[in-house]
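Enquirer: Going by numbering that gives the first Met the number 0, 211 is the number at position 212 of the sequence shown; the sequence numbering is gapless.
These aren't lab readings, by the way, just hints derived from the structure by calculation. A few of these clues could be false.
Cross-link-like lysine-lysine pairs, in silico, DSS-like; alpha carbons within 30 Å at most [said to hold, decoys possible]:
hint: 1; residue 1: K126; residue 2: K147
hint: 2; residue 1: K1; residue 2: K68
hint: 3; residue 1: K84; residue 2: K101
hint: 4; residue 1: K101; residue 2: K74
hint: 5; residue 1: K6; residue 2: K101
hint: 6; residue 1: K42; residue 2: K140
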Amino acid sequence: MKNEPVKIKSIEHVTHDVLQIVTEKPFGADFTPGQATEIFIDKEGWRNEGRPFTFTCLPKDDHLQFTIKTYPERKGVTNELLSLKAGDSLIVNDIFGAIEYKGDGTFIAGGAGVTPFISIFRDLREKKKLGINKLIFSNKKRDDIILKEEFSNMLGANFINILSREKTDEYAYGQISEDFLKQNMGPSGSYFYLCGPPPMMEAVEKQLANLKVPADRIVKEAF
């Protein structure tokens, strides 16, 4: 799959600033849950502006789905996506990505960094193998939480949220700390899957090192 045009089948908001885009599925679009592709908007002036976005559908689905946080203030690709509608075209490129499920563990995401985990959790649910996996999800505010109901239904008490800019009775408040990880992470010897902004990733990796988590148990992808 390289530079394949695909028609948009549907496009809608799933939060105030996150789009869910469903497209046709080209031949050869074989991916592992957690992987991504480079997307271009098939429109004059945008065909050379590729950006990486994660597949959030399942590999067996007859369509592709992307869950994309938009940044209108940047006037870039994600802002241009806001102007698209069903019937418009995107161009998808090669498949890549470092995050792949290796076994039960603690998934730690910051904001749009949760997107590689969506397909992984959906795949585990499909296979009835959600097991003891946990998701620690850091966001600024409650309205920023992507797929809150779906994750709650899938993971129950193993869906753990922390908000950095809004205090609520429902969720923890502040930044992910070593103590917070210690209280909420999975058992010793399990995996840790990280995806988020580089400063958050660096901080969490240091905390995990302090908690004696071996480097070979950390699976990560920055965005």
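Enquirer: Are the hints correct? Go through all of them and say.
Expert: Do the hints match the structure? See the list:
1. K126 / K147: Within the cut-off at roughly 21 Å; holds.
2. K1 / K68: Distance of about 24 Å is within 30 Å: holds.
3. K84 / K101: violated (37 Å)
4. K101 / K74: violated (37 Å)
5. K6 / K101: violated (33 Å)
6. K42 / K140: Violated - the C-alpha atoms of K140 and K42 are around 34 Å apart, more than 30 Å.
The structure fails to meet hints 3, 4, 5, 6 from the earlier list, while all remaining hints are met.
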